[in-house]
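As they're listed, the protein sequences go chains A and B.
Residue numbering for the first sequence follows the numbering used here, starting at 1 and increasing by one per position.
Residue numbering for the second sequence follows the numbering used here, starting at 1 and increasing by one per position.
Among the clues, some could well be false.
Heads up, simulated SDA-like pairs for lysine to any residue below, C-alpha to C-alpha not over 20 Å straight-line [what the hints assert, rightly or not]:
| id | chain 1 | residue 1 | chain 2 | residue 2 |
| --- | --- | --- | --- | --- |
| 1 | A | Lys35 | B | Gly7 |
| 2 | A | Lys35 | A | Val61 |
| 3 | A | Lys35 | B | Val28 |
| 4 | A | Lys35 | B | Arg93 |
| 5 | A | Lys35 | A | Gln19 |
Honestly, the hints are just simulated from the structure, not real lab data.
This one's a predicted model, so the numbers in the text were calculated from it and none came from an experiment.
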Amino acid sequence: MSTAAHARFVPGDRVRVAQREVTGHVRTPGYIRGKRGVVERICGAFRNPEQLAYGVWDGPVVPLYRIRFAQADVWPAAESALDTLDVEIYEHWLERDDA
Amino acid sequence: MVHDVGGRPAHEAIPREQHPFMPWEMRVDALMWLLTDAGRPGGPRMTVDELRRGIESLPADEYRTLGYYEKWLLSMLRVLGERGTIDAEAIRRRAEAIAHERGHAHE
Numbered sequence: 001m002s003t004a005a006h007a008r009f010v011p012g013d014r015v016r017v018a019q020r021e022v023t024g025h026v027r028t029p030g031y032i033r034g035k036r037g038v039v040e041r042i043c044g045a046f047r048n049p050e051q052l053a054y055g056v057w058d059g060p061v062v063p064l065y066r067i068r069f070a071q072a073d074v075w076p077a078a079e080s081a082l083d084t085l086d087v088e089i090y091e092h093w094l095e096r097d098d099a
Numbered sequence: 001m002v003h004d005v006g007g008r009p010a011h012e013a014i015p016r017e018q019h020p021f022m023p024w025e026m027r028v029d030a031l032m033w034l035l036t037d038a039g040r041p042g043g044p045r046m047t048v049d050e051l052r053r054g055i056e057s058l059p060a061d062e063y064r065t066l067g068y069y070e071k072w073l074l075s076m077l078r079v080l081g082e083r084g085t086i087d088a089e090a091i092r093r094r095a096e097a098i099a100h101e102r103g104h105a106h107e
């Protein structure tokens with residue numbers, strides 16, 4: 001793990017996951033794209049899986065965040081309004097949520 | 001056996017008991033550890049992310065029906081074949097020849 005000195009977000013920030021259709025390997029699950037959540041913590045900075053998946057093993061590191069979502073926002077049939085879902089998401093998939 | 005349904009509803013019951021690993025499964029796991037060793041001169045031969053990409057690229061019916069380490073093995077063949085580390089087609093032919101020999105041995 002590297003330091004995340006240049007992390008754009010801090011815990012508590014409200015963010016939205018980019019609604020982006022991509023081909024190829026990404027670690028941002030399809031079901032979480034476009035959803036709003038809150039930064040729970042900065043996990044550190046790691047190499048980008050979108051490069052690693054194509055053999056670029058020594059590319060630059062990207063800040064990684066643990067984002068907390070309300071399950072009811074992700075799955076309409078969620079059993080409890082209190083249940084949350086944590087997903088680790090790389091910075092280039094996050095937008096500041098000012099809404 | 002599907003291990004990741006991408007956030008969609010799972011239609012089959014989830015078996016929760018651990019089964020013993022077969023020797024070949026442990027070999028596949030060990031091979032992946034060696035291939036992904038970042039300390040190797042010249043860097044790792046492949047990455048975990050390449051393994052995941054190869055699994056995601058499997059045809060849907062294979063993704064649904066193959067076992068966990070079967071998917072690993074097919075992904076490793078694909079990635080190492082792309083890189084020219086191995087001749088994936090030669091390995092596939094050899095595997096078919098072995099299966100053919102065994103088929104005759106049982107007759």
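Checked against the structure, which of the hints given earlier come out wrong?
-> Per hint list: 2, 3 and 4 violated.
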